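Since the structure of chain A is provided, determine the placement of chains B, C and D with the ligands on it from the hints.
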Amino acid sequence: MSGAGAYDKLVFELSSPGRVGFSLPESDVPGRPVTELLPKKHLRGAAAALPEVSEFDVVRHYSRLSRMNYGVDTHFYPLGSCTMKYNPKLNEDMARLSGFARLHPLVRDEDAQGALRLMYDLAAMLAEIAGMDAVSLQPAAGAQGEFAGVLMIRAYHQSRGEKRTKVLIPDSAHGTNPASTAIAGYEVVEVKSLPNGEVDVESLAREVGPDVAAFMITVPNTLGMFEPRIMEITEICHARGVQVYMDGANLNAILGITRPGDLGFDVCHFNLHKTFTTPHGGGGPGAGPVGIKSHLAPFLPTPVIVKNGDTYARDWKRPQSIGKLQAFWGNFGMLVRAYTYIRTMGADGLRSVSDNAVLNANYILKRLEADYDVSVPGPCMHECVVSARRQKKQGVTATDIAKRLLDLGFYAPSTYFPLIVEEALMIEPTETESKETLDAFCDAMIQIARETEREPALIHEAPITTPVRRLDQTRAAREPDLTWSPKT
Amino acid sequence: MSGAGAYDKLVFELSSPGRVGFSLPESDVPGRPVTELLPKKHLRGAAAALPEVSEFDVVRHYSRLSRMNYGVDTHFYPLGSCTMKYNPKLNEDMARLSGFARLHPLVRDEDAQGALRLMYDLAAMLAEIAGMDAVSLQPAAGAQGEFAGVLMIRAYHQSRGEKRTKVLIPDSAHGTNPASTAIAGYEVVEVKSLPNGEVDVESLAREVGPDVAAFMITVPNTLGMFEPRIMEITEICHARGVQVYMDGANLNAILGITRPGDLGFDVCHFNLHKTFTTPHGGGGPGAGPVGIKSHLAPFLPTPVIVKNGDTYARDWKRPQSIGKLQAFWGNFGMLVRAYTYIRTMGADGLRSVSDNAVLNANYILKRLEADYDVSVPGPCMHECVVSARRQKKQGVTATDIAKRLLDLGFYAPSTYFPLIVEEALMIEPTETESKETLDAFCDAMIQIARETEREPALIHEAPITTPVRRLDQTRAAREPDLTWSPKT
Amino acid sequence: MASRYIANTPAEQREMLKTIGAASIEDLLVKIPPKARLSRPLALPPALAEADLVRHMRALAAQNADADRFSCFVGAGSYDHFVPSPINHLILRGEFFTAYTPYQPEASQGTLRTIYEYQTMIAELTGMDVANASIYDGASSLAEAALMAHAATDRREIVLARGVNPLYRQVTETYCEGAGIRLRDVPAPDGVLDLDAARKLVTAKTAALVIQTPNFYGVLEDVAAAAELAHAAGALLVVVADPVNLGVLEGPGRLGADIVVGEGQGLGVPMSFGGPNLGVFAAKSALVRRIPGRLVGATVDRDGARGFVLTLQTREQHIRRAKATSNICTNVALCALMATIYLATLGKQGLQRVGELSTAKAHYTAEQLTKIPGVSLRFAQPFFKEFALRLPKSPTTVVAKLAKRRILPGVPLKTYDRALGDTLLVAVTEQRTREEIDAYAGALAEVLR
Amino acid sequence: MASRYIANTPAEQREMLKTIGAASIEDLLVKIPPKARLSRPLALPPALAEADLVRHMRALAAQNADADRFSCFVGAGSYDHFVPSPINHLILRGEFFTAYTPYQPEASQGTLRTIYEYQTMIAELTGMDVANASIYDGASSLAEAALMAHAATDRREIVLARGVNPLYRQVTETYCEGAGIRLRDVPAPDGVLDLDAARKLVTAKTAALVIQTPNFYGVLEDVAAAAELAHAAGALLVVVADPVNLGVLEGPGRLGADIVVGEGQGLGVPMSFGGPNLGVFAAKSALVRRIPGRLVGATVDRDGARGFVLTLQTREQHIRRAKATSNICTNVALCALMATIYLATLGKQGLQRVGELSTAKAHYTAEQLTKIPGVSLRFAQPFFKEFALRLPKSPTTVVAKLAKRRILPGVPLKTYDRALGDTLLVAVTEQRTREEIDAYAGALAEVLR
Ligand SMILES: Cc1ncc(COP(=O)(O)O)c(C=O)c1O
Ligand SMILES: Cc1ncc(COP(=O)(O)O)c(C=O)c1O
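Protein chains in written order, with my numbering: chain A, 3 to 490; chain B, 3 to 490; chain C, 13 to 461; chain D, 13 to 461.
There's no promise every hint is true.
Stated by the list, open to error - One side only, chain B facing chain C, incomplete, derived with CB under 10 Å:
#1 R34
#2 P230
#3 A442
#4 D445
Just so you know, these hints were derived from the structure itself, not from any lab. Nothing here was measured: the structure is a model prediction, and the numbers come from that model. We put the beta carbon where it would ideally sit given N, CA and C, even for glycine.
One chain only, chain A, in its complex shape (with noise of 0.2 Å):
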């Protein structure tokens, strides 16, 4: 690409020595300089070799990176399991406001008590919204507080003297799933779904022993579906003295329409960052808050947000508790966020976000089924799973479909996630887009169905109007070239 696309700085490029991009006071204090001040092995032998550039320079290029990306703002963003909504801007100006984004974590709950105050109220919220008891804001995402509920139930047990070595996850799963329950220290048993994706609750009733600590399941599940036997399995559970986590990354199917705590669950973590609008910001940060039934309550992470009549309190007197998982307490700027976020929403407001989430998705699937093959007929939850299974017989894969949609306008869906379905392209439209939206992806997934046939050409070529075309992931795994120097 030329003209405005035709970018191919880093910024070390841009680079000249003697330039500055900073504005710093003048010292203000009488003093020695730092070369007294401290002994000389403790220095620097050369100053760090970091860009040298105006304050243009910074603004000008990154700007210019930016315009290399999809984001929402800017394109639909249909990834499966992500749910790319749109963020609300106002959560932006609010988690702005000095009296938050200004406070020290470290002064005193006197001092903090707007915030303190948030983070309970968040945390009530969140634990009505989800049917548990309580609720622990301290995971910075998904993954951690899927390590933090395992770590709770592996207190659990260790409390009643049960020695209970395993955790059965469903072939389905997210890969953070036996990942964190790995970290946790158990040994990770993965359950073979059924055709359909559902647990076979038969073959599960057998594998849950005496040795099984939790069973974790993604509800909806990975395929978009709503598991229909799922009170069944937690009872199940349950009568084996087995605790149930609930993945709910894909909560945005289900708000107000059922509670995890109420199908059983035990213990069932939130992605602030895909229900509640907090923003993906190119990977992170999220937060990934932990909600559990009451027996669990003494496990919790350190402190525990506590309301004493009027006033809040972080609570460390907690000898059961898992610990910490952060320095502080949270990722409070994406509390912040979600907190404006359900305050915007209310009851019916949320309601009608899964409603109309699992109509969209719905909507997609309907209007794709004719040219992909669908795993699963619906109706789904929130988002859907078609396979290119019948493409890839003509040559053309998940990842070339995908590709052909980034020149399209469109960002890709998930692909070849979960991993229980062939060529997989894995579809969440989310409550914030409109039907005029998904009425032009459909078309131009159909379009690239169409083309598969007529032009396959255009589809292995693709994409063309991204700043850079496919890349090459071989070389760069074997030879790794991960930071940049001079003679690049």
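Here is chains B, C and D with the ligands on its own, set in the frame of chain A:
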């Protein structure tokens, strides 16, 4: 263009009946509906046909539209006479402090001391920069500054019982000069410049007679050249009772180097959106303060911001004032930005601005002189004018060159201005651009000169990387389509 | 210390000078006569580092009674209407924010499209055929309308209703001076245009009759009657109207206005101590080639694709110079963009709600305040979001006392009209809560006791 | 009332349902067993309109002692460093802000390039070969380093210097529990690592020795000595370091560290009551295939043009699942972007100045405070921007009293170490002015009188 660029919607085309993008509270006061409070004849017959879109529709639509623009933040923007320098982000933060942004203009002086002090101090700083005795911050833009300045000159002559009916303006002047002067009630007499763009002083001396109220000139002139005999000119004028007005649009060339007041000017306006970094915003708002010598002070627009002891006030008691130009006191938000900028730079910083602006312009002039005709040999001041005269002979006009530059990732220079240079390309790099950028731009210009000879088709076809290609201006003017309607 | 806003390093300067063939930057300044040179540094306060400057600016800002810290009931041409959050985020996108006037349309379609949308929305709201891309503010828009009426009719008198904002009148006077246009005023003894008086003043010499609705006192004028009267004399009717009210009120164009101007600040533009504002300017299509300022039109590109350009530019100063319809060049495009985003966000229903809420709250406020002994409405006329209140004590004193309680109760009208020395002009937008209104009423009652 | 965050209108819903062939949205929820359905609306506080919500949030924010209204001398892992204005403007560009992890590299080159830049800058500052794209915060970075050291050495003990932030120790403990890794502590009676004690504790069972420099008490540790000691036992040396200090202090990698982790919040990320933060993670290249989290690498596209991709993904959970090097998925990319822009803006000279100013001000503060009778430095060791102060009165009481004067004087260390009941940890960044420091000294003197 397909992909990211292929967006062709107007907000009306996204509208869906009943969709909402706003959030307003329910009324918290008792009372009757508006239909009962107000006589029916005042009420709209039918609701206004505004778009009905969601907040996200709004955000994505305008985000996408923005991507169809080049701006200084994303592209080198060498538009002569416009001083397209970097607009510091800090200015924006300061202008948004609620003590400034949320201040009503009609609060008492006592309730606006910070704002009035800022205005008072800014006026004083501008007066010092230009060597003038007083500055009114009220004019909303350069053209209004001119208008105010000419009106003050007029009031001055009137106050002395003189009837002068003409204002002399060089043919190289910006269009606002004659336009503002005409509106102020003067006959405009165009003065022919010498071939090198300078004033023909001898002929001017003949023209400034007793019927001439003022001579208005841009310094440096619109060819980017300093008028070498300027002090002689102001003297000649003064000797004949003629006031001299300096169009200060090009002040970026002379900060701390020379001052309009010291050159003998009686009036001079500033374009804060040029020299003093307030953003151009796609066409405005700007601010056009006007500076004067003390003999014109009685005629300043009302109110004048004054300081009494430690307090600041708006002084309305100016019986000889030319009156008001805007309902309120000036484009205060822009004043905050300019103030922030001047306080950031200080005297040395401003001097360095002009030094580097001049250096950059001369560098470009030098690098282009082999491939383009240079109207006046250098050194130039902050901008340079080259001519595509040579290219024109080969069928490539200044417009063609401008369009080709768009494809090469640059905005275009000003074209066909000043009018006295054939196929003019007026290039103003500003001090905020780096040598790499200037080199890249010069390389592109030289490439185009080569293409003129070898591949003119590339130039005639340009632009091809922009959201649209060359547009049919004639059709736009012949069949004006100025508002959207559903049938279109 | 090098500046973060200047790119060139000393080494680069040397390199560039070498290319140029100059020994120093001084060498480039040779055309400036030595005696013209400033021989000392500018006497400016010292440069401040970013953090120090922020501290200084915060201190200045804190000395102002802004509408976040004070309850604002001040109007008279600038209003504390709600600004939805996305506006600020979107206008700050550098591609909008740092672009110039869209002279290269192919690289400016973003700006051009938003102006075209703006023109459409303003035409729709005002009930006119066309709207321009903006004028500085409401007052200068009115002044431009007066000049345009003069040019269109070749008549030299403008008749202004007393209900027109007096600050607008002042600006119009400034602009009309040069053209030798005379302003004549129609009294408004009852707070509305005196139609009989107007009929006498509007003659064959009248270029335009100017009214404002709701007028300066908040009172609704009879636009249709004014139109009839003006047209009968062959004059144009210019109506000053605040577009934010036009979700509820009829577009003046549908009632006979030939030109509608107004202050668009209420459409998402911060009050910002009075500027920048947004001058709205709309007209009947017959007048299109006389319109001041920029116009954007739809057209097609070489491939037939829809595109937008600045059009009818022969009206403008950069082409027509001394004969241009106006001297305006830089306008307030970004404020027009704010208004466009505002109107898109509020939309059909929202703008109506803003008007309804403001009216409801203004009437509630009037009710509460007039319960206080000695306080009454100055005019017995239907009003919209603003009203004139007669007080038993000096409005200036009242304002001073209420400021101590963080209430900005309105504008004393004495300065604008000696006859209204006992009158306070009170504006109430949808932003004021019942709590604030009740607090105002309570405080006023106390202060008047 | 329809929501501004939901696009579908009732009419559109009907149309879509028709296409789907369902009568209602309820029909789409059939797979949810009736008894699983929530039969009542969620019991949440009522929805608030934008303006009301803003008012509510402002009220909450006003109840916090933020660093704009209070003089902040609190550190201990979160610092009030200066944030240049452009950072916030740039990260808010929707293309950065609302993008996901760059799984489709062709449409994510913006994010990928910034991460590559970030990795380069962090590697340079820490003196390491590679850095990852970020971990949640400094504490979880340390925890990941402990797990990685365990995996790399197959040893089950981590020896932690007492100078490591105790909150980081707690998090490390949480993470090590599952893997059965044991933490052992080396005392720091004089405020620095007791090398003799360390030598005893670091054995053939030790996966890593962990030190922090400047440590929790602000004191500089001898990294080279620690490296020698650790390596002698075949253990790795993990160093916790705040990258904002590394403009002045030597990159731990050059002194022998194998892994450097730390909290990057000081690099332009707001304190935000402790999160989101920026977990920095850098390592020697030998460890690259064991690094947790994402890595971006340079490569070429089909046409040979430079491009960037997520690479070495087989380390990660979405591929390796239970055997991944870490469970991290969402990280803190946007905070890494802030840091990247911060480091580009400050640059070579600026970061150095930040360190110099902070050190100078910290030492000036220490001098002023220790002039007060009864106040002394807790440790006689070289410190950087933070120091432990022994007070003659309870630090908790002092903090409470100074809060009334809008001074946040530091962190009482009692909670972290009973032996330090008389100690206050004071941090001073370049943001604190002499005026604030002197006011602090004055107030402390008064309070202790
Ligand atoms: C189903 C599911 N579970 C868990 C996660 C992990 O959440 P996070 O990325 O917030 O750590 C994801 C994220 O993509 C997910 O989709
Ligand atoms: C030389 C000159 N004079 C006057 C003006 C008019 O200034 P403004 O656009 O601020 O009205 C300009 C603007 O481009 C200019 O370049």
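Hints, one by one, checked against the model:
Taking 10 Å as the C-beta contact cut-off toward chain C, the hint placing B:R34 at the interface holds, the least distance being around 8 Å. Taking 10 Å as the C-beta cut-off, the interface hint given for B:P230 holds, the closest approach to chain C being about 5 Å. Given hint, B:A442 at the interface with chain C, is violated; its Cβ is 13 Å from that chain's nearest Cβ, farther than 10 Å. Taken as an interface hint, B:D445 does not check out: its beta carbon lies about 13 Å from the nearest beta carbon of chain C, beyond 10 Å.
The structure shown violates the earlier hints numbered 3, 4.
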